[in-house]
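Novice: Modelling step: build the complete structure from the supplied sequences, incorporating the hints.
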Amino acid sequence: MATETQNDVVKVYSGSLVTAELYQQALKEDGIESTVVGLELSASFGSAVPNSVELMVKGEDMEKALASIKQFESENQPLTDENALPS
0 MATETQNDVV KVYSGSLVTA ELYQQALKED GIESTVVGLE LSASFGSAVP NSVELMVKGE
60 DMEKALASIK QFESENQPLT DENALPS
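The sequence shown begins at 0 in numbering that gives the first Met the number 0 and counts up one residue at a time.
Each computed DSSO-like pair below joins lysine-lysine, with the alpha-carbon atoms no more than 30 Å apart: (1) K69 to K57; (2) K27 to K10; (3) K69 to K10; (4) K69 to K27; (5) K10 to K63; (6) K57 to K27; (7) K10 to K57; (8) K27 to K63.
Keep in mind the hints are simulated off the structure, nothing from the lab.
Specialist: Encoded structure:
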């Protein structure tokens, strides 16, 4: 991502649809427009295709978007086996 111009669209996340949507909401709350790409593949295969979507932002928003995602991650502890919700 070193040669993008501010008008380019750049990837800030690649992974699961659920995580991409969480990050997209966090970006929206910070006033950053984003797009999830790869939904067609997820729809075709359901959740069987891991890491099948990408979250894209404008090049000019990349640094702010990455900071927003980092902030979101620091405020929202990921679920692990130790802190998973009871079934």
